[in-house]
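For reference, the chains in residue letters:
2 protein chains.
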Amino acid sequence: MNQTSPAPARGTLYLVPATLDFGVANPSPLQHVLPAQTLQVAAQLSHWVCENAKSTRAFLKRVHELYPLAVALQQQQMAELPHEVHKKGDHSGEFDARGLLSAALQGHDIGLISEAGMPAVADPGTSVVRAAHALGLKVVPLVGPVSLLLALAASGLSGQNFAFVGYLPQDAAARGQRIRELETLALQTGQTQLFIETPYRNAAMLDALLHALKPSTRLAISSGLTLSNAQIRSDLVSAWKQRPSPLDKHTPVVFCIGA
Amino acid sequence: MNQTSPAPARGTLYLVPATLDFGVANPSPLQHVLPAQTLQVAAQLSHWVCENAKSTRAFLKRVHELYPLAVALQQQQMAELPHEVHKKGDHSGEFDARGLLSAALQGHDIGLISEAGMPAVADPGTSVVRAAHALGLKVVPLVGPVSLLLALAASGLSGQNFAFVGYLPQDAAARGQRIRELETLALQTGQTQLFIETPYRNAAMLDALLHALKPSTRLAISSGLTLSNAQIRSDLVSAWKQRPSPLDKHTPVVFCIGA
Numbered sequence: 467m468n469q470t471s472p473a474p475a476r477g478t479l480y481l482v483p484a485t486l487d488f489g490v491a492n493p494s495p496l497q498h499v500l501p502a503q504t505l506q507v508a509a510q511l512s513h514w515v516c517e518n519a520k521s522t523r524a525f526l527k528r529v530h531e532l533y534p535l536a537v538a539l540q541q542q543q544m545a546e547l548p549h550e551v552h553k554k555g556d557h558s559g560e561f562d563a564r565g566l567l568s569a570a571l572q573g574h575d576i577g578l579i580s581e582a583g584m585p586a587v588a589d590p591g592t593s594v595v596r597a598a599h600a601l602g603l604k605v606v607p608l609v610g611p612v613s614l615l616l617a618l619a620a621s622g623l624s625g626q627n628f629a630f631v632g633y634l635p636q637d638a639a640a641r642g643q644r645i646r647e648l649e650t651l652a653l654q655t656g657q658t659q660l661f662i663e664t665p666y667r668n669a670a671m672l673d674a675l676l677h678a679l680k681p682s683t684r685l686a687i688s689s690g691l692t693l694s695n696a697q698i699r700s701d702l703v704s705a706w707k708q709r710p711s712p713l714d715k716h717t718p719v720v721f722c723i724g725a
Numbered sequence: 467m468n469q470t471s472p473a474p475a476r477g478t479l480y481l482v483p484a485t486l487d488f489g490v491a492n493p494s495p496l497q498h499v500l501p502a503q504t505l506q507v508a509a510q511l512s513h514w515v516c517e518n519a520k521s522t523r524a525f526l527k528r529v530h531e532l533y534p535l536a537v538a539l540q541q542q543q544m545a546e547l548p549h550e551v552h553k554k555g556d557h558s559g560e561f562d563a564r565g566l567l568s569a570a571l572q573g574h575d576i577g578l579i580s581e582a583g584m585p586a587v588a589d590p591g592t593s594v595v596r597a598a599h600a601l602g603l604k605v606v607p608l609v610g611p612v613s614l615l616l617a618l619a620a621s622g623l624s625g626q627n628f629a630f631v632g633y634l635p636q637d638a639a640a641r642g643q644r645i646r647e648l649e650t651l652a653l654q655t656g657q658t659q660l661f662i663e664t665p666y667r668n669a670a671m672l673d674a675l676l677h678a679l680k681p682s683t684r685l686a687i688s689s690g691l692t693l694s695n696a697q698i699r700s701d702l703v704s705a706w707k708q709r710p711s712p713l714d715k716h717t718p719v720v721f722c723i724g725a
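Chains A and B are the protein sequences, given in the same order. When the first sequence is numbered by this note's numbering, its final residue is 725 and no position is left out of the sequence of numbers. When the second sequence is numbered by this note's numbering, its final residue is 725 and no position is left out of the sequence of numbers.
Worth flagging that the hints you see were computed from the coordinates, not collected in a lab. Treat the hints with caution; some may be incorrect.
What the hints assert, rightly or not - Partner residues are not named here, just some residues of chain A that face chain B (Cβ under 8 Å, in silico):
id: 1; residue: A620
id: 2; residue: T650
id: 3; residue: L653
To be verified - Listed next, the stretches of chain B that the computed footprint assigns to chain A, with coverage defined by at least 3 CB atoms under 8 Å from CB atoms of chain A:
id: 4; segment: 534 to 548
id: 5; segment: 614 to 622
id: 6; segment: 627 to 633
id: 7; segment: 637 to 651
id: 8; segment: 690 to 698
As the list claims (entries may be wrong) - One-sided excerpt, in silico: chain B residues whose CB lies under 7 Å from chain A:
id: 9; residue: T478
id: 10; residue: Q497
id: 11; residue: V595
id: 12; residue: G602
id: 13; residue: L603
id: 14; residue: V605
id: 15; residue: P607
id: 16; residue: V609
id: 17; residue: P611
id: 18; residue: Q708
id: 19; residue: R709
C-beta: ideal position from N, C-alpha, C; glycine also.
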């Protein structure tokens, strides 16, 4: 009578990349940017930790059209990342996400998904990955689109030494100073500098860049990558000034500067 | 008799990611890591700029099993990147690759491909992308696996601020100093630092890291991502020291350090 049942095998945490068409009116088919294995794993999962449950359900509806879901959408378990993570981010281990992974201790595989692209890269999710390691779960990143890397590859700037620095300050003076700091770093060390901006501030960011950067610095700007309206321009600042390209205020953009 | 034929429309430069199974005995099916669109575009192309023509042909043979090639393998035009690029890299615009893209001026689309992963990211190709922009060609990056980004997402370290710095110095003293520099940068700025090493030096690099890093620094090491023998460990340096994990000397590894 001293028997105890063996602990169930622990589930795996799958990092499930989403398409880059969040909020786009006519999205491309999922298989344009997601490999079959990513879609098949997503269709098998029944437990999710997500940035937003509504968009996760919309994503799974699209998956279901290609690979029928193993568990009906209504029965899927979805845990949203809490408000504090949405607001402050979870990139530095400040949020303990182990509680969101309790189903994995019961043997369920869990998918981590964000609104667009790879979870935990320029998006929430780091705390969940860290919690998975703390719990001894297997972590499996699946392949899908990552706008930063597509933008870097297409920029013509060094991909052997690069940094992504997130958002720049909003205050105009502080932003100008930060741009010059990043330019100095890029020119002195050869390290390409990537950053992003909230879409409605795209035009202001471009103005600030053309004002602050040296004419001989290279500026590459990508938007809508993987979508039918994708745009990439890589040019010297002097050429950007001669022939400006206005930026759409609704489309996420990746900015790259370098030598 | 004053007629001239109109210039042909210029071709597009497609950045075609390859699988991460270069040199692996039993590779997984391509569709595990490459979306249908990437495979379809690769099957339509007849002109390539590549790191190595032999591996490009081997890749296209695998594509052909899923999507028949529009032009037979024997008729495909392949231009290898020259020896100087293989040796010194082409990350800083030092090589003028416009001559490799002359077919695009005749209207042919061209694929840029490296041995593994995304061309121009921790791999040659930047000079070709830059040349495409100089010639006014459209540049389209296709989706596929990027080991650096998969490793970052799975590391549990910040993906909101990160840098990839390539290879560290080989000399032991210089390497130790560089490791401490990168650790200071990571701890002071919160910027995750990623780097790679030639596989046969993996064990020496791990020794150097465990010797140089503070016990409270986090070290994540990934190898074989997307393969059946994938390994990811993210732990404090103190835990790595208590329970060492030997690294295989044949498998490419991504090292990540941070807070």
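Evaluation of the provided hints:
Given the 8 Å rule on beta carbons, the hint for A620 (chain A) holds: about 5 Å separates it from the nearest Cβ of chain B. For T650 (chain A), the interface hint is violated, the least distance from its beta-carbon to any beta-carbon of chain B being 15 Å, above 8 Å. A least Cβ separation of about 11 Å between L653 (chain A) and chain B goes past the 8 Å threshold, and the interface hint is therefore violated. Judged by the Cβ-Cβ criterion of 8 Å, the segment 534 to 548 of chain B is not covered by chain A as claimed, because only 0 of its residues qualify and three are needed.
Check result for the segment 614 to 622 of chain B against chain A: holds, 9 residues qualifying (beta carbon to beta carbon below 8 Å, three or more required). Counting residues of the segment 627 to 633 of chain B whose CB lies closer than 8 Å to any CB of chain A gives 6, which reaches the minimum of 3, so the coverage claim holds. With a threshold of 8 Å between beta carbons, the proposed coverage of the segment 637 to 651 of chain B by chain A is violated, since 0 of its residues qualify and at least three are required. Only residues whose C-beta sits within less than 8 Å of a C-beta in chain A count toward coverage, and the segment 690 to 698 of chain B has 4 of them, enough to reach three; the restraint holds.
Residue-level restraint check for T478 (chain B) is violated (minimum Cβ-Cβ distance to chain A is 11 Å; threshold 7 Å). With a least beta-carbon distance of about 4 Å to chain A, the hint placing Q497 (chain B) at the interface is held under the 7 Å criterion. For V595 (chain B), the suggested interface contact is upheld, since its CB lies about 4 Å from the closest CB of chain A, less than 7 Å. Restraint check, G602 (chain B) versus chain A: the minimum CB separation of about 11 Å is more than 7 Å; hint violated.
Taking 7 Å as the C-beta contact cut-off toward chain A, the hint placing L603 (chain B) at the interface is violated, the least distance being around 11 Å. Checking V605 (chain B) against chain A by beta carbon gives a least distance of about 5 Å; that is within 7 Å, so the hint holds. A distance limit of 7 Å between C-beta atoms decides the matter here; for P607 (chain B) the minimum to chain A is near 4 Å, and the interface restraint holds. Because the beta carbon of V609 (chain B) sits about 5 Å from the nearest beta carbon in chain A, less than 7 Å, this interface hint is met.
Because the smallest distance between the Cβ of P611 (chain B) and any Cβ of chain A comes to about 5 Å, under 7 Å, the interface hint for this residue holds. Residue-level restraint check for Q708 (chain B) is violated (minimum Cβ-Cβ distance to chain A is 15 Å; threshold 7 Å). Violation of the interface hint for R709 (chain B) is found here, the shortest Cβ-Cβ separation to chain A being roughly 12 Å, above the 7 Å cut-off.
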